[in-house]
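Top line first, the protein sequences correspond to chains A and B. Residue numbering for the first sequence follows our numbering, starting at 11 and increasing by one per position. Residue numbering for the second sequence follows our numbering, starting at 280 and increasing by one per position.
Since the hints were derived computationally from the structure, they do not count as laboratory data. You may find that some hints are simply not true.
What the hints assert, rightly or not - Reference listing, derived: stretches of chain B covered by chain A, where coverage requires no fewer than 3 residues with Cβ under 8 Å from a Cβ of chain A:
1) 503 to 510
2) 542 to 551
Claimed, not checked - Label-pair distances were calculated between CB atoms; the ranges are:
3) G611/B x N19/A: 30 to 36 Å
4) F601/B x L125/A: 28 to 34 Å
5) H482/B x S105/A: 41 to 47 Å
6) K562/B x K135/A: 26 to 32 Å
7) K135/A x A411/B: 35 to 41 Å
8) R519/B x G145/A: 30 to 36 Å
9) D13/A x G293/B: 35 to 41 Å
10) F601/B x G145/A: 49 to 55 Å
As the list claims (entries may be wrong) - Okay, derived cross-link-like pairs now, DSS-like style, lysine-lysine, Cα gap no bigger than 30 Å in a straight line:
11) K135/A x K484/B
12) K444/B x K142/A
13) K444/B x K82/A
14) K572/B x K82/A
15) K562/B x K479/B
16) K571/B x K82/A
17) K444/B x K52/A
18) K575/B x K53/A
19) K479/B x K68/A
20) K16/A x K291/B
21) K24/A x K617/B
22) K527/B x K82/A
23) K123/A x K138/A
24) K612/B x K575/B
25) K613/B x K82/A
26) K121/A x K52/A
27) K82/A x K71/A
28) K625/B x K71/A
29) K53/A x K484/B
30) K444/B x K479/B
31) K395/B x K116/A
32) K68/A x K484/B
The beta carbon of each residue, even a glycine, is placed where N, CA and C say it ideally should be.
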Amino acid sequence: MSDQVKVGNYVLLKDLYYTDSDEYVRIEGDVAVVGITDYAQKKLRDIVGVDLPETNRKVSKGDPVATIESVKAAADILSPLSGEMIEVNDELRASPEIINQDPYNKGWLFKLKILNSNEISELWKWEKYAEKIKGD
Amino acid sequence: MNTTPLIEFEEKLGASTGEFAGWTMPMSYRGYKEEHMAVRNNVALFDISHMGRIIIEGKEEELQYLLAGLVGESSLRMYGPNAFLNDKATFLDDVMVYKLAENRWLIVTNAVNREKVIDWIRRNSSLNVTDATFDYCMLALQGPNSTRLIGNDEMSRLQFKVNVKVFGENVFILSRSGWTGEDGFELILKPDAAHQVMSKMVHEKVELAGLIARDSLRQEMGFVLYGEDIDESTNPVEARYWLYSLEKEFIGREAILSILTSGVSRIRVGFKFERNEKIVPKKDGSITVRDKKIGKITSATYSPFLSRPIGMGYINSTHALFGLKVEHEHRGKKYEVKISDFPLIK
């Protein structure tokens, strides 16, 4: 179990990378596992649906690749890195509320095979993301 | 910004809060789907302290002239839903009227309209108006098992009692009423008593519910929300909100008679999407037939009971046909929608 930090009501994991648009990235070798942060799922509130990307295609950093629908809003999910879409979390199609229940583990959205590992250094460490959501 | 006096307690109980009509209120606790289904199958407790509570004193004829619907003779009974209309017969507010005694009533308004209504009553009558909103909290216990907790089986729908004890606490008004389509009670009581009642109900394992579930419950029934489905540009005829009583004089009566003669160009209807589509349609989204716009959505949600998106809105009279399959485009994709009558869940 990785180290947790609480910023206000929101949980962060110290071993993840983060983006300004509230995705998290877990690096597992040359694969990036992407989801939305605890902060993002709490802001969206009750999630009712997820539109997941197609696999076996290349995406660029910043591309909108998925959509999350909640009772409050619809959010575009941006790819945090360039890569090849290798897997999506099919369980979310039937039970999108898993994202609310467990955003960092069972609630992951998709996996990318990383194409350009230099981009990882542009992602945020947890301290910087904590600064962003502090006081919100 | 106003805040329910219970907010700190509710946050400790797990409330996720948000803004509604200028009030910070609990939006959800465990999740709106669980809370929604608890109301349909069991029981849940809502804090609805944001609703306006105003005391009216004076001549009954004056109140009858302001309200579109008849206020009856019997005390300790609710008369509503009722409405204040302007002279064009569009909605200033839809309200619930409680007759407390001869020449004394409590009116519950939408939070967003409280000050407007108070001002309008004062300008259009000599009635004495007191804003009691901030003196009290308001709780709603809703669901088929609510009588098990409250007792008071003998009280019929829209009846109420004053100054009674609930869970040992003083309650100003206990009514058999609600806005969810289920049996239930609404309580108007001092903040300290509300805190105690909520605490005791939590101890009894009553599910706490927020305003998101309240919204999805009322949409399944086809109940309107002021500011979404009705406002100062909609009239009761096109809204199919049959709360006016033409047997008396009231502000807006002449306009209603004229609307009845000319007919309406649009009609409020319900929308049902296909099962297992997982979207929440947007307010003001278009409803189309073969790419021609025939109406728009005024409220929508994902129905936990029907497992599909639902909504309501206005359709041109030429196309307001129950059963007609129409379309709605959401984020670049077209969805089939069936025009449906209310309630959507029966």
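Now for the hints, and whether the structure bears them out:
no. : hint                        : result
1   : 503 to 510                  : violated (count 0)
2   : 542 to 551                  : violated (count 0)
3   : G611/B x N19/A: 30 to 36 Å  : holds (34 Å)
4   : F601/B x L125/A: 28 to 34 Å : violated (53 Å)
5   : H482/B x S105/A: 41 to 47 Å : violated (31 Å)
6   : K562/B x K135/A: 26 to 32 Å : violated (39 Å)
7   : K135/A x A411/B: 35 to 41 Å : violated (53 Å)
8   : R519/B x G145/A: 30 to 36 Å : violated (46 Å)
9   : D13/A x G293/B: 35 to 41 Å  : violated (24 Å)
10  : F601/B x G145/A: 49 to 55 Å : holds (50 Å)
11  : K135/A x K484/B             : violated (41 Å)
12  : K444/B x K142/A             : violated (49 Å)
13  : K444/B x K82/A              : violated (38 Å)
14  : K572/B x K82/A              : holds (25 Å)
15  : K562/B x K479/B             : violated (38 Å)
16  : K571/B x K82/A              : holds (28 Å)
17  : K444/B x K52/A              : violated (38 Å)
18  : K575/B x K53/A              : holds (27 Å)
19  : K479/B x K68/A              : violated (56 Å)
20  : K16/A x K291/B              : holds (17 Å)
21  : K24/A x K617/B              : violated (48 Å)
22  : K527/B x K82/A              : violated (43 Å)
23  : K123/A x K138/A             : holds (25 Å)
24  : K612/B x K575/B             : holds (16 Å)
25  : K613/B x K82/A              : holds (21 Å)
26  : K121/A x K52/A              : holds (22 Å)
27  : K82/A x K71/A               : holds (26 Å)
28  : K625/B x K71/A              : violated (48 Å)
29  : K53/A x K484/B              : holds (27 Å)
30  : K444/B x K479/B             : holds (13 Å)
31  : K395/B x K116/A             : violated (49 Å)
32  : K68/A x K484/B              : violated (50 Å)
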